[in-house]
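2 protein chains.
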Amino acid sequence: MNPRLQCLRNRLKAQDIEGMIISNPVNIKYLIGIEAEGILLLTRKENIYITDSRYIEMVQSTLTITDEIIVDDIKDITEEDYQSFFSFCENVGFEEEYVTYSKYKEYMHRYRINNFVETENIVEKQRIIKDEEEIENIRKACEITDNCFKHLLDFIKIGMTEKEVAHEIQRYFDEQGADGLAFDSIVASGVNSSKPHAVPTDKIIQDGDIITIDFGCKYNGYCSDMTRTIFVGYVKEEIREVYNLVLKNQKQTLEEMYDGANTKILFKMVDNDFKIHKYELPHALGHGVGLDVHEEPAIGPRKEVLLKENMVVTDEPGIYIPEKFGVRIEDTVLITKSGCESLTKSDKGYIVI
Amino acid sequence: MNPRLQCLRNRLKAQDIEGMIISNPVNIKYLIGIEAEGILLLTRKENIYITDSRYIEMVQSTLTITDEIIVDDIKDITEEDYQSFFSFCENVGFEEEYVTYSKYKEYMHRYRINNFVETENIVEKQRIIKDEEEIENIRKACEITDNCFKHLLDFIKIGMTEKEVAHEIQRYFDEQGADGLAFDSIVASGVNSSKPHAVPTDKIIQDGDIITIDFGCKYNGYCSDMTRTIFVGYVKEEIREVYNLVLKNQKQTLEEMYDGANTKILFKMVDNDFKIHKYELPHALGHGVGLDVHEEPAIGPRKEVLLKENMVVTDEPGIYIPEKFGVRIEDTVLITKSGCESLTKSDKGYIVI
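Protein chains in written order, with our numbering: chain E, 14 to 366; chain L, 14 to 366.
Mixed in with the good hints there might be a few duds.
It does not matter which identical chain is used: a pair holds within one copy or between any two.
[What the hints assert, rightly or not] Listed next, the in silico SDA-like pairs over lysine to any residue satisfying Cα-Cα at most 20 Å (straight line):
id, residue 1, residue 2
1, K291, N323
2, K350, I218
3, K42, V212
4, K291, I78
5, K176, I243
6, K216, N233
7, K170, H210
8, K176, E188
9, K116, E308
10, K321, E354
11, K88, P295
12, K321, K350
13, K261, E145
14, K361, Q73
15, K350, I171
16, K163, Q189
17, K321, D360
18, K118, N128
19, K216, D187
20, K88, K316
21, K208, D65
22, K208, E50
23, K288, D80
24, K321, C20
25, K118, Y95
FYI, nobody ran anything at the bench for these hints, they're computed from the structure.
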């Protein structure tokens, strides 16, 4: 059987869950490599993927016999079929953080499920540890992102708008064979950089501007995520203290990221250092990266997770001075046995264009 | 009180629902004009919007006293506050098609709700009939879309890729002051046009290609949606029968769209005419357009809705010949008392570039 499905089945078994309906398309892509509209059923004995005529041919040509997945066309499935899928299951799991209340009721009724149980992100938890192929895809996405940054340093000129820079990022990614953006790029210049979640505007880039660029692409479905804060013409003196503090903490965090490191402590170390200097870290220090640009684990003040070899996470401290400016520096990082490797490798010193 | 909220309150009252939690951001934007991360509570006596420090200032400066909305910062709300909001409500409604099962449980627990009831798209149903301001926004989005199409006819050249054309659409919309794309543009040339949901590829546009362009922008949050199928160099003879049949049905549907028309019959008329000619309509004939590009009502084979004055819907028949080509022609249409007005006005005859 497809090894990811086999692993999920083992995990379900360990929790005494006898069947599962998987409807989150990202989880389906992870488990069986299929991107289509459809639903994956793990019944007592079988793995069944139900899709429609638009995708049947593509799905059947992608899956192999060793996947052990039965593909059904939705139009051939009768009411009795639906009722029989889970008839030998004492309980059936579902994705409670993805499925709407209305779908939850629909599934229960259609499949005649008596005991429909929450699975607490069982697939998302499996996705936390990346295998070699996944790491290679993320590595490639990071490489394209580094190249894009280099290209932007030549491209960005005084007089351009933030939106023009954001468009160039998208154009470059497409040209370089990425699958597209991992998320809507942030290009925030001057005072706009003071908002952590700024959206590119028609603001014109001017001499003396600071520019925060937070961007990433997808490669074979896997994301990269990098932020650099650069300067136009010269670096304003008032910014230096903040920039140095953010950079110091970003680098220190890289030193502290290793197999076994505690995410809550990583966050606290940066937040404490910022507070000593009368600043604060108003968002998480990082998050997992994979098929989703934000996935488990969060590196924040609440949940405690121990980093493990082959997790991929971001390291992205930021300080934001309201009405003035902001600085954020971010890498996508692979956790290794002995430490970590930054997969995005662009320069983090002062870059003046 | 804000008239849209008042109307919703009246509708809830008619259904004996005494409170409601609104979490779908599009519904919140519709009801109170706010785009932020937050949640809107209609309690027995008050309208409460809960958001966080990032948005508080913007929200408070947008709302006026006549809106009658209390704005709360999430960090100031205690457990007791949550429990008191609905303490005088016999029942509380929620958006069962938006809220995940996990959120549903979280809300019930946090707000101590005993009787949490489904509201069957009550806000979405209110959104079906557009007011003057909404229509003006959609009209403006359609005008920008028409202008973009005119621009594309000059812009598209043999040797360009589909992706380049898609980028130009986005660039043009940004330049013209639209809020951005209403949805990912479809630019499907040659055989790619045979897939109704094609994604722009690196395929190069060639002499003799047919190109289906399905695109739209947002203006003040309101969407446009238009499709035109054009030709490069010349029109292949085999395409003419299909193009003529699609265009005839698109125009006939415009004749049949008026206050009182039955959506199921509209669909059937086109589907029957296609079947007479050995083709079929593999998707809905149309859908509502507003803050979402796809909203109620669907014009398809299943649900029967009577069109009403000031609904805005699409009219988009299409025929797709596998492995060969496809033709779709689509307008965004305003239903009037006596008939309808196409808000997208671009030429639908044979356009050869």
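Under a CA distance limit of 20 Å, which applies to K208 and E50: within one copy, between copies, both, or neither? between (36 Å within a copy, 15 Å between copies)
If the cut is 20 Å between Cα atoms, do K350 and I171 qualify within a copy, between copies, both or neither? Classified as neither; 45 Å inside a copy, 53 Å across copies.
Status of K350 relative to K321 across identical chains (alpha carbons, at most 20 Å): So K321 and K350 pass the 20 Å test inside one copy only (8 Å; across, 65 Å).
Can you give me the call for K321 and E354, within, between, both or neither, at a CA distance of at most 20 Å? within (13 Å within a copy, 60 Å between copies)
Under a CA distance limit of 20 Å, which applies to K288 and D80: within one copy, between copies, both, or neither? neither (52 Å within a copy, 39 Å between copies)
My question is about K291 and I78: at a cut-off of 20 Å on alpha-carbon distance, are they close within one copy, between copies, both, or neither? For K291 and I78, neither the intra-copy (61 Å) nor the inter-copy (36 Å) Cα distance is at most 20 Å.
Status of P295 relative to K88 across identical chains (alpha carbons, at most 20 Å): between (50 Å within a copy, 13 Å between copies)
Checking K170 and H210: alpha-carbon separation at most 20 Å within a copy, between copies, both or neither? The answer is neither: 23 Å in one copy and 37 Å across copies each exceed 20 Å.
Up to 20 Å CA-CA - N323 versus K291, copy category: neither (35 Å within a copy, 55 Å between copies)
My question is about K350 and I218: at a cut-off of 20 Å on alpha-carbon distance, are they close within one copy, between copies, both, or neither? neither (43 Å within a copy, 49 Å between copies)
Go through the copies and call it for K261 and E145: within, between, both or neither, with a Cα cutoff of 20 Å. For K261 and E145, neither the intra-copy (31 Å) nor the inter-copy (55 Å) Cα distance is at most 20 Å.
Copy assignment of K118 with N128, given that the CA separation must stay at most 20 Å: both (12 Å within a copy, 17 Å between copies)
In this structure, the hints that do not hold are numbers 1, 2, 4, 7, 13, 14, 15, 17, 23, in rising order.
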